[in-house]
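Trainee: Now for the letters of each chain:
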Amino acid sequence: MAELDPHATCPTDTAVELSGVWKVYRVHQRSARLIDLARDLLRPRIRRIEALRGIDLTVRRGEVVAYAGPNGAGKSTTIKLLCGLLAPDGGRVRALGLDPVHDRVRYVGRISVVFGQRTELWWDHAVEASFEWKRVVWDIPRQRYEHMFKLVRELLDLDEVLRTTARELSLGQRMRADLAMALLTEPEILLLDEPTLGLDVLARRRILEFIRELNRERGVTVIVTSHDMAELEQLAGRIVLLHRGEIAFDGAFSELRRHLTGERVLSLETAVNAAPTLAGARLVRSDAGRHEYAYDARTVRLAELLEQAAAQTEVLDVETHRPPIDDVVADLYEHWLNSPSPTGRGPG
Amino acid sequence: MVASVRRVFELWGLYARLDMLYVLRGPQIALSFYVSDLILGMAAVTAMFLLAQRFDGIPPWSRDQMLFLLGYALLVRGTIDVFFNYNISFISRRIGRGQLDHVLVQPQPLWMVLLTEGFAPVTGAGMLLPGLLLIGWSVEQLQLSVTFAWLALLALSLACSIVVVLAFSYAWGSLAFWAPRSAEELNSSTWQLLTQLDVFPLDPLPTLALTGLLTFVPAGLVAWYPARALLGIDASPLGWLGLPAAALVLGSLCLFIFMRGLAHYGRTGSTRYLSYGHRR
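Chains X and F supply the protein sequences, listed in that same order.
So the first sequence is numbered by my numbering: it starts at 1 and just counts up by one.
So the second sequence is numbered by my numbering: it starts at 1 and just counts up by one.
Bear in mind the hints are in silico, worked out from the structure with no lab data behind them.
Given the structure is predicted, the values throughout are model-derived calculations rather than measurements.
Ideal Cβ placement from N, Cα and C applies to all residues, glycine included.
Hints may be right or wrong, so weigh each one.
Reference excerpt, derived from the structure (chain X facing chain F, CB under 8 Å, subset only) [stated by the list, open to error]:
hint, residue
1, His102
2, Arg104
3, Val105
4, Val108
5, Ile247
Simulated coverage check for chain F against chain X, where a stretch passes if three residues somewhere in it have a Cβ under 8 Å from a Cβ of chain X [stated by the list, open to error]:
hint, segment
6, 7-14
7, 101-112
8, 262-271
Bound-form chain F, shown alone:
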C-alpha cells in the first residue's frame, strides 16, 4: 500500500515534469493555453453569472451563493483537467482509437496508469484558478466560517464530485469497447451534458426531473448537491452523506461496466487504431 502510494507520487512527479517541459517550449504556447482555458472557463459560467447578477440571485439562491456554486463547478472541472488530462477523462477516445494498448503494455496496474498518466498540473490548471477565486470571494461575501471540518467536507465533496463525473464518463465511454467507431467521441457528449447542467440551481425542478438529474444524468451531484451542503442550505445527514453514497454506487456501477468492457477487449482486441494524439 505504502509502496503504491509512493509510486503514484513518483509518477505524478514524472508527468508534472513532462507537462512543464511541454509548456516551457515557448511562452506563446503557455500563454495561449492559459488564455484559452480561462476563456472557456469563463464562458461556461458567464450566462449563469449574469443571470444571478441581474436578478440578484436565482431563488432560493442568493447571488453570492450562486457564485459559490459556479466556483465549485469550475473547481471540479479544473481538478479533473489537472489530474485526468490526456484523454484519461475522455476514455472513449482512447478505447475507440485502439490506444488502450499503449496503457496495457506498461508494467503497472491499470488503475495506476489511469490515475497518473493524465496528470497535467501546468497545462490543466487553467480552470482551477478562476474556480478557487470565485469560491474564495463568495465565501467571504457570505461570511461563511471556514473551519477544518468545512474544509474537510469541501475536500470530500470535491473528491466525490470527481468520482461522479468520471464514473458517468467511464460508464458511457466503455461502450467504445463494443462500438469503437461510433462511441469514440461519446465522452465529448457526456462531458458537455454534465458541464452544461451542473451550474444550474435545481431546487425549483419537479421531483421527477430532479431525480433524473441526480441519478441517470447526475449533473446535480457535480455541484448543486454538494454546494447545498457546503453552504448550509441542506444541513440534514442526507445532505452530507448523499454525495459519498451516490459516488460509491456510481463508481461501483462504472467499475462493473468498464471491467466487462475490458474483458471484451481482451477477447476481441481493437479493430481500429488511430495514431494521432494518444499522448496529446
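Extracted from the complex, chain X is given alone in its bound form:
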C-alpha cells in the first residue's frame, strides 16, 4: 500500500455538525452501609455527570478526525449521539443534513459504526453469512455489494475468515471482519470507537492502513476514538481532545505538540561514564556513557547545551528528538486531572 499523507483530506461540505451539545447522565449514589439503605430508598442521592458540556464541532466530508480524551471525557457518548443511539439533552446534532434520532432509519443507512468491544457479526454463522445478512438488511444493490465485497476482501485479506464462524475468530480477525462488514454499505461516515482495542501490532497496522486507504480512495469521513495517540496521529490529520465534556483542543497534531510543550530530548554519548552537568537541561537517565536529558526548546538553545557538554568531556554522538505523542498527552491528562472541575451549568 502506498505511503499516505494523513493530513491530505478533501473536504467539500459539512458531514457532521454538533452545536452546543449537552449530554447529562444521572447516576444513583449508593452507600455500602446497611444503615443508609432506607435513606437511599426514600431519598436517593443522584450524581449529575455532564458527559458533554456544550460541544461545538464541525467535521467536513472526507476528513479523518481523531477524537481523544481520558476515560469519561465523553468520546463514546459523542459516537452514540452520532449513531442516533442517544439523544442530546441540549443543543443540536446534525449529520449528513439529518437528525440522527428523528431521521434514524434514513440516516443509519448512510453511516457505519464499529465498536471495538462489540461485534455485528452473527455469532454462530460463517462471516460470509453475516455479510449476506448485511446486504439484504441494508438493501445494497447486488452489483454494488459485489464490488465492495471484492474490495474489502482483498484489502483486509479476508479469505481465511470468510467461512469461519464469528465465535471461532481471533480478535484481530473479528475486527477485520467487522470493519469489512461496516464498509460493505459504502458509508459516507465511518464511526470507529476504539477499533484497535486489544489487537496485536500487525493486526493494528493493517486496520490503520486500510482506514487511511479508504479515506484517500473513497473520501469516507472517519471519526475515530482511541487511547493510543501514536495510532491516532498515523491516521488522522486533525485531533479533537476532550476534557470533562468540553473540547480542550481542536487542530492538527503538530499544532498540539507546539501548543502543549517545547520539550525535547537530548541524547549524548560520551567517552567517560560520568554524565556532564548541563545548565537548563534535566538529566533523565544515564547508563554506560549514554545520557538522556530533557530541555525546553523555547527557552534553551541546543547549541548552548552542546557547548557545555563539549567543555566537560569528549562527546562521541548526539541525538535530539521530540517526546512521543503519548507522553505529551499523558502529561496533559495528568495536568487536567489535577486541575479543578468546571462548575455546573447548562440543561437541567
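Assemble chain F onto chain X, guided by the hints.
Mentor: Same frame as chain X, but now just chain F:
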C-alpha cells in the same frame, strides 16, 4: 404499505435461510434441537394430559377438549418460537444486555426488525408440530366441523393469543430500560408464569382469581379463553370478541410502556453491554 409487506417477506426469507444454514451445519445439531424441543413441549403438557386421561377430562372439560386446549397452548408457544426467536420474545434480555443498539443501527423501522429478526422456521418449529398434531387429533375425536369460518377464528385467536403473550412479555420486559441488570431475566419469569398456567381449564375458579388470570396475569387468554370459543363451549359474542378486544387493550398498554422505555433509553443509553448471544 405494499412495500413494507414485501420487505417483511424478504427479511423472513433471509432469516429463514440463516436459520436453515445454522441447522445444516450438522445433523446432530438439527436432531438435538428437535428432540430437546419435543421433550420440552411434551413435558409442558404431560401433567395435564395424564390428569385428563386418568379422570377422563377435567370437568366441565372432556378428555378430548382438554387435548385441544393443550394442543392450542403448544401451537401458541410454537408459533412464538418460530416468529419471535433470538430473544425477540424475551426482549428484557436484549434491553438489559445493552443489545438493543444492534437493532437501532439497522436502517429499518423498529417494528420491522422485531417482527422479522426472530424468524426461525427451522430451529423454532419443535413445538409447532406436536401442537398441530394434538389439535388435529382432538378435532377428529370431537367431530368438530372444520369450516372456513372456524379456521378463520382459529387463525384470529392464535394471532390474538400471541399478541397477549408478547404484550405481557414486552410490558414487563420494558422494565429493563430502567433497571437493566435486575430486569434482564424478567421475561424468563413472565414466560414461565404464562406457560405454567395456560394449560389449565379455569372454569371452576372463583371470579376474583379468574379476573386476575384474564387481566393482570393473562394466562387465561393464551389458551383457555380462545379454546372455549373454538370448541363452542362459549358461543356468546363475548366469547368471540373478548380475546381480540383484550389483545387490543394489552397491546396498546404494552406499546405505551415500551415507547416510554425507549424514550428513556434514548436519554440514558445503556449502562451495560454483554456481547454473548445477541444473535443466539
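Trainee: With chain F as the partner, please determine if Val108/X meets the hint condition of a C-beta pair closer than 8 Å.
Mentor: holds (5 Å)
Trainee: Do three or more residues of the segment 7-14 of chain F come closer than 8 Å to chain X, measuring C-beta to C-beta?
Mentor: It holds, with 3 qualifying residues against the three required.
Trainee: Would the hint on Arg104/X stand, with a C-beta cut-off of 8 Å toward chain F?
Mentor: holds (7 Å)
Trainee: The hint names Val105/X as touching chain F; please verify it with the least Cβ-Cβ distance against 8 Å.
Mentor: Val105/X check passes; min Cβ-Cβ to chain F is 5 Å, inside 8 Å.
Trainee: So is the segment 101-112 of chain F in contact with chain X by the C-beta rule, three or more residues under 8 Å, or is the coverage claim wrong?
Mentor: Held - the segment 101-112 of chain F has 8 residues with a Cβ nearer than 8 Å to chain X, which meets the minimum of three.
Trainee: Can His102/X be said to touch chain F, with a Cβ gap under 8 Å?
Mentor: Violated, about 11 Å.
Trainee: The segment 262-271 of chain F covered by chain X? Criterion: 3 or more residues, Cβ-Cβ distance below 8 Å.
Mentor: holds (count 4)
Trainee: Would the stated hint for Ile247/X survive a check requiring a Cβ distance to chain F of less than 8 Å?
Mentor: violated (21 Å)
Checked against the numbered hints above, the structure violates hints 1, 5; every other hint is satisfied.
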